[in-house]
Structure formats: structure tokens, C-alpha cells
Amino acid sequence: AQKITQTQPGMFVQEKEAVTLDCTYDTSDPSYGLFWYKQPSSGEMIFLIYQGSYDQQNATEGRYSLNFQKARKSANLVISASQLGDSAMYFCAMRESGYNFNKFYFGSGTKLNVKP
Amino acid sequence: SQTIHQWPATLVQPVGSPLSLECTVEGTSNPNLYWYRQAAGRGLQLLFYSIGIDQISSEVPQNLSASRPQDRQFILSSKKLLLSDSGFYLCAWTTYGTAYSGNTIYFGEGSWLTVV
Chain A
4 AQKITQTQPG
14 MFVQEKEAVT
24 LDCTYDTSDP
34 SYGLFWYKQP
44 SSGEMIFLIY
54 QGSYDQQNAT
64 EGRYSLNFQK
74 ARKSANLVIS
84 ASQLGDSAMY
94 FCAMRESGYN
104 FNKFYFGSGT
114 KLNVKP
Chain B
526 SQTIHQWPAT
536 LVQPVGSPLS
546 LECTVEGTSN
556 PNLYWYRQAA
566 GRGLQLLFYS
576 IGIDQISSEV
586 PQNLSASRPQ
596 DRQFILSSKK
606 LLLSDSGFYL
616 CAWTTYGTAY
626 SGNTIYFGEG
636 SWLTVV
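Line order of the protein sequences matches chains A and B.
The opening position of the first sequence corresponds to residue 4 in this note's numbering, with each subsequent residue numbered one higher.
The opening position of the second sequence corresponds to residue 526 in this note's numbering, with each subsequent residue numbered one higher.
EDC-like mimics (lysine to aspartate or glutamate), calculated; alpha carbons at most 16 angstroms apart, straight line:
id, chain 1, residue 1, chain 2, residue 2
1, A, K6, B, E584
2, A, K106, B, E584
3, A, K6, A, D29
Simulated from the structure, these hints should not be mistaken for lab results.
Looking at chain A on its own, in the form it has when it is part of the complex (with noise of 0.2 angstroms):
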């Protein structure tokens, strides 16, 4: 089973509006890390935001933030007040513990496009 899936290939967004790129994540472990990266057409991975399985609250980080639903298994990311910039592939990606504690596994992405 996948362990992170992104179910979006593409989005638009109005700038200025705020979007919402979806993940879900699979894992039996009680500890796990989650993250969300954001690739330009550079090739860049730029990391925006990270969610302990143990934390209570949503995290935050300027315009990002991430929709933390534990017994859903979803984070999802928001970016509130879009902009031009923010037209990128963005990643969502889970580290486990356990014996599987150094990898980073990494959903199929979300291409957004931010429109003028």
C-alpha cells in the first residue's frame, strides 16, 4: 500500500485566494513525522512545514499551514492568500519510526497553478 498519497496531479487557485492540497498517509507506528516540500520548476526541494504525530496542535509557518486529522491520516496543506510564486509541485512526505525510521517517503505531488 502507498504510503503517502497525494490525490490532486494538478490544482489552480485564484491569487490571492487560499488552497487546499490534500494527503493522506498510511502508518501503524504511533510516531511518525510529517512534512510538505515545494519544488519549482528549478528542481529546488524548498521544505515549508512539519507536523509531529504527537503534536496537538496544527502547525504553522507564515502563509502555511497544515491541517493536521490524525484519525483520518490526513495533512493537508494550506496556503492561504496565494501568489504568483507559489505555482510549484508540492510534495507531501511521512518519516516513520521504528525500523523504518531513516526514510522519508514521498506522495506522487501536487502541481499548482497560481493565476493572475
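Since chain A is already given, all that's left is putting chain B on it; use the hints.
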């Protein structure tokens, strides 16, 4: 501060030729090191990861190999490239830590490989 360097940035290689991609990390000791491949418009596929010198784990059986001759050096190789080896290769590192510690994974600039 920690930095990661990866080279070459781009290369075009004929089918059957050898490959060597190199990655070095500065400013940290005993990092976990990773090689990922990203096919055009797709997600990240974990190829190899290493928790120490000469300790390599392979995720996908293929004609690629990895080596870690020094603590902060990670090399991806192939003796004979296939057309299907074309893609974007990313080296990455992270520190040892629990899955929920928030230690993110940091990526190099990537190497675009085209096999012709």
C-alpha cells in the same frame, strides 16, 4: 551551517555508458544520506539510503549502485545506463533522530540525466 553539493548538474549519456553522480555534505557529521530519482512530472522514488560509511540499503533492484567511501560523501553509479535511467536525481541528507523530532530532509540541487 550545513550545505549539500551535488554534481554534475546536467549530463547527457549514451545507452550503455557508465554513470557517476557525486554528493557531499558539509557542516555536519554522520548524516543519513539518500539518493532519490524523479521521473518527469512524477514523485520521488527512494533508490538508496545510508546510515554510515559503507552501509548502503537499496530500495529498488536495478542497474544502479551507491557507495559511501567517506562519512559525508555519497556516490551513485552505473556500469551501463539504460534509457529508463533518465530522470532527475536528488541527493539528500538528514540527521539522526526520532521520526517525530522534526528533523527534515535536505536536498541537493539535483542532477538532470538524459540517456540517449
